[in-house]
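K.L.:
Listed below are the residues making up each chain.
There are 2 protein chains.
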Amino acid sequence: MSADEEKPLVSFEQLAELEDDFEQVDLELTRYQDKLTKDLYVKREKIIANIPHFWNSVFEVAPEEFEHAFKETDGSLLLSLKNLFVTRFELPNGDPRSFSIKWEFEENEFFEDKVLEKKFIYRQSLKGDVSGLVSEPVKINWKAGKDLTNGLLDLVLKVDAEDKAGKGDEETDAKKELKKKIEDTPLGDLSFFTWFAFRGPRITEEEHKEALKKEEEKRQLRKAGKPVEDDEMEEDEEDEDDLFDKAYEYEPYPAADDQALCIAEDIWPDAIKLYLQAQEDDILSDFEDLDDEDEDEDMDMADKAEPASKKRKA
Amino acid sequence: MSADEEKPLVSFEQLAELEDDFEQVDLELTRYQDKLTKDLYVKREKIIANIPHFWNSVFEVAPEEFEHAFKETDGSLLLSLKNLFVTRFELPNGDPRSFSIKWEFEENEFFEDKVLEKKFIYRQSLKGDVSGLVSEPVKINWKAGKDLTNGLLDLVLKVDAEDKAGKGDEETDAKKELKKKIEDTPLGDLSFFTWFAFRGPRITEEEHKEALKKEEEKRQLRKAGKPVEDDEMEEDEEDEDDLFDKAYEYEPYPAADDQALCIAEDIWPDAIKLYLQAQEDDILSDFEDLDDEDEDEDMDMADKAEPASKKRKA
Chain Y
1 MSADEEKPLV SFEQLAELED DFEQVDLELT RYQDKLTKDL YVKREKIIAN
51 IPHFWNSVFE VAPEEFEHAF KETDGSLLLS LKNLFVTRFE LPNGDPRSFS
101 IKWEFEENEF FEDKVLEKKF IYRQSLKGDV SGLVSEPVKI NWKAGKDLTN
151 GLLDLVLKVD AEDKAGKGDE ETDAKKELKK KIEDTPLGDL SFFTWFAFRG
201 PRITEEEHKE ALKKEEEKRQ LRKAGKPVED DEMEEDEEDE DDLFDKAYEY
251 EPYPAADDQA LCIAEDIWPD AIKLYLQAQE DDILSDFEDL DDEDEDEDMD
301 MADKAEPASK KRKA
Chain V
1 MSADEEKPLV SFEQLAELED DFEQVDLELT RYQDKLTKDL YVKREKIIAN
51 IPHFWNSVFE VAPEEFEHAF KETDGSLLLS LKNLFVTRFE LPNGDPRSFS
101 IKWEFEENEF FEDKVLEKKF IYRQSLKGDV SGLVSEPVKI NWKAGKDLTN
151 GLLDLVLKVD AEDKAGKGDE ETDAKKELKK KIEDTPLGDL SFFTWFAFRG
201 PRITEEEHKE ALKKEEEKRQ LRKAGKPVED DEMEEDEEDE DDLFDKAYEY
251 EPYPAADDQA LCIAEDIWPD AIKLYLQAQE DDILSDFEDL DDEDEDEDMD
301 MADKAEPASK KRKA
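So the protein sequences, as listed, match chains Y and V. Residue numbers for the first sequence follow full-length UniProt numbering, beginning at 1 and rising by one. Residue numbers for the second sequence follow full-length UniProt numbering, beginning at 1 and rising by one.
These are computed hints drawn from the structure, not numbers from a lab. Any given hint could turn out to be false.
Put simply, identical chains are the same to the list, so a pair is met inside one copy or across any two.
[Unchecked claim] In the BS3-like style, the derived pairs of lysine-lysine whose C-alpha atoms are separated by at most 25 Å in a straight line are:
1) Lys46 with Lys226
2) Lys273 with Lys127
3) Lys118 with Lys214
4) Lys118 with Lys143
5) Lys38 with Lys176
6) Lys46 with Lys223
7) Lys273 with Lys218
8) Lys71 with Lys118
9) Lys214 with Lys273
10) Lys38 with Lys118
11) Lys226 with Lys43
12) Lys139 with Lys167
13) Lys118 with Lys102
14) Lys273 with Lys223
15) Lys43 with Lys223
16) Lys181 with Lys143
17) Lys158 with Lys143
18) Lys38 with Lys223
19) Lys139 with Lys176
20) Lys139 with Lys218
21) Lys43 with Lys158
22) Lys214 with Lys35
23) Lys46 with Lys139
24) Lys218 with Lys38
25) Lys143 with Lys127
26) Lys35 with Lys223
Chain Y on its own, in the form it takes in the complex:
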């Protein structure tokens, strides 16, 4: 078998079947991980409760998805963030790809709510063969004059209510206003709390179930070695564009799903590591400040550095 000899190419179906097999394993692993870590996260919550500003520190060293995400006022609000909790709420029997993020706040100057919870539900659609996270916009009860989203969140809630009342295809006044407000808001002024407005692609539960059923049928056909019908891809790609354009036209914070995934898959499991890293960064920057100011105080700072040097390397 020489390298130059052209062999017949592997069929798309064979690769699709393999990818599907691996995807099923990934889902099973997420289910198992959830089972193994459930109690550990409860234990962690109790320990974290004794560390002041734990989550604020964690977000200081969060991955690039959160770069520039928090504006100045958002930051002061994060200091009131008492607790964060991620749950794959459809488990053990449902889809491990759906999850909820619960934010628990202390009394603060911005809103009345103690808890804000946002659910991200995994949905797939036959239209365009796409998948994504859909979500309900979450109402925040702002204190007078303290709405950080400058009305954007309330407008999304209004448009969402209209859509649910059957006005999905109508270009209502609220929709026009929302569209204009999105266009007029500079990215630098967009509060992170607009994240709670995210709705995602318009895939209904019925479409999702239909897509799952179709996928399972294909899987059975492939397992039985029977030919699987080709999806009409040309049409599908147009449907996909429709689906996303329609959704993102009224989405003031389209990065919300990527950030939610980043919380669920990186920040939430790695929170302790990120916290220790933030502590270390603080100490290092203290040292740097010191170098600029006064070399003689090095000994005091060395004492302060003690906790970070105890970080385990193994």
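Given chain Y, work out where chain V should sit, using these hints.
P.N.:
This is chain V only, laid out in the frame that chain Y set:
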């Protein structure tokens, strides 16, 4: 409980215990993943065997760890790479962190070997509380005048044999020569095949077992709520420096362990995705070339693009 009130800090031991609990879960998950994917990888191997230059394409779009890793001649050798296989060979009962990478080559102009296998064994040490991957240098039977490592690999093999013969602390002629050759070799001339020379930190199996035993004792003490003795960290940090300096002085390719981890954790599980990405990149660059040359041929290229547009998005 206000945010400004300073609460007592959580002890290092509490965080260490938590981190240890999560680490144990990670190990268990890797074990389970290995079990679930074993047959799938065998199935994948059979499909890949029918795709010419599969692994060469995969390495074209490999993560940043492999940027500039392959020199021009390495590249032509990669075209002879018939198969790659990663095995966590200590499983089901041993450590999931140890793995082997097996490279299978077609007849080529550079060496006689059909298979080159390199094992990376997870070891930890009480000295400096460090862990790492240790490995044996792998002999390559170069054809006359074809040694891509310019003698570096053979020198490492010689030094390694001397060390095993008890000359570990002696500065032998071979060691002097190796050190000089490492210093004199520009990074741009360093062949990827020097990767096979990697030895890693000098942690013996005995040290490793001792460290595991100590770790288990600490774990039991923590579980029983008893105080765990403090490691003398000052001394440990010096030991750690010794351990790594000693190893890397005679290591012509110190990035080998990071690249090995990248293969085992990213390239190996994501190979199909990377291959499809490489195909798509090829087609896109064909389109770009075409734009420069002749706009009229667009229709032909659209046909050629068909396979990539069939990539599943869901």
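K.L.:
Compare the structure with each hint and give your call.
P.N.:
Against the structure, the hints come out as follows:
Only between protomers do lysine 46 and lysine 226 lie at most 25 Å apart by alpha-carbon distance; the minimum there is 19 Å, versus 54 Å within a single protomer. Within a single copy, lysine 273 and lysine 127 get their C-alpha atoms only as close as 41 Å, which misses the 25 Å cut-off; across copies the closest is 22 Å, which meets it. Taking the shortest Cα distances, lysine 118 and lysine 214 never come within 25 Å of each other, neither inside one copy (29 Å) nor across copies (44 Å). Proximity of lysine 118 to lysine 143 under the C-alpha cut-off of 25 Å is restricted to the intra-copy arrangement: shortest distance 20 Å within a copy versus 63 Å between copies.
In this homomeric assembly, lysine 38 and lysine 176 never come within 25 Å of each other (Cα to Cα): the closest approach is 44 Å inside a single copy and 55 Å across copies. Within a single copy, lysine 46 and lysine 223 get their C-alpha atoms only as close as 47 Å, which misses the 25 Å cut-off; across copies the closest is 17 Å, which meets it. In this assembly of identical chains, the alpha carbons of lysine 273 and lysine 218 lie at most 25 Å apart only when taken from different copies (20 Å versus 42 Å within one copy). In this homomeric assembly, lysine 71 and lysine 118 come within 25 Å of each other (Cα to Cα) only inside a single copy, at 20 Å, whereas the closest approach across copies is 49 Å.
In this assembly of identical chains, the alpha carbons of lysine 214 and lysine 273 lie at most 25 Å apart only when taken from different copies (23 Å versus 42 Å within one copy). With identical chains, the CA atoms of lysine 38 and lysine 118 are at most 25 Å apart within one copy only, with a shortest distance of 19 Å there and 37 Å across copies. For the homomeric pair lysine 226 and lysine 43, the shortest alpha-carbon distance between copies (18 Å) is at most 25 Å, but the shortest distance inside one copy (50 Å) is not. Within a single copy, lysine 139 and lysine 167 get their C-alpha atoms as close as 20 Å, which meets the 25 Å cut-off; across copies the closest is 72 Å, which misses it.
Taking the shortest Cα distances, lysine 118 and lysine 102 sit within 25 Å of each other inside one copy (6 Å), while across copies they are farther apart (46 Å). In this assembly of identical chains, lysine 273 and lysine 223 lie within 25 Å of each other by CA distance solely across copies; the values are 21 Å between and 43 Å within a copy. Proximity of lysine 43 to lysine 223 under the C-alpha cut-off of 25 Å is restricted to the inter-copy arrangement: shortest distance 13 Å between copies versus 43 Å within a copy. Taking the shortest alpha-carbon separations for lysine 181 and lysine 143, only the intra-copy value of 21 Å comes in at or below 25 Å, while the best inter-copy value is 70 Å.
In this homomeric assembly, lysine 158 and lysine 143 come within 25 Å of each other (Cα to Cα) only inside a single copy, at 19 Å, whereas the closest approach across copies is 75 Å. Within a single copy, lysine 38 and lysine 223 get their C-alpha atoms only as close as 34 Å, which misses the 25 Å cut-off; across copies the closest is 18 Å, which meets it. In this assembly of identical chains, lysine 139 and lysine 176 lie within 25 Å of each other by CA distance solely inside one copy; the values are 20 Å within and 71 Å between copies. Neither within a single protomer nor between protomers do lysine 139 and lysine 218 lie at most 25 Å apart by alpha-carbon distance, with minima of 40 Å and 48 Å respectively.
Within a single copy, lysine 43 and lysine 158 get their C-alpha atoms no closer than 40 Å, and across copies no closer than 52 Å, so neither meets the 25 Å cut-off. Proximity of lysine 214 to lysine 35 under the C-alpha cut-off of 25 Å is found in neither arrangement, the shortest distances being 29 Å within a copy and 28 Å between copies. In this homomeric assembly, lysine 46 and lysine 139 never come within 25 Å of each other (Cα to Cα): the closest approach is 28 Å inside a single copy and 53 Å across copies. Within a single copy, lysine 218 and lysine 38 get their C-alpha atoms only as close as 34 Å, which misses the 25 Å cut-off; across copies the closest is 24 Å, which meets it.
Within a single copy, lysine 143 and lysine 127 get their C-alpha atoms no closer than 42 Å, and across copies no closer than 56 Å, so neither meets the 25 Å cut-off. Proximity of lysine 35 and lysine 223 under a CA criterion of 25 Å is satisfied inter-copy only: 21 Å between copies versus 29 Å inside one chain copy.
Checked against the numbered hints above, the structure breaks hints 3, 5, 20, 21, 22, 23, 25 and satisfies the rest.
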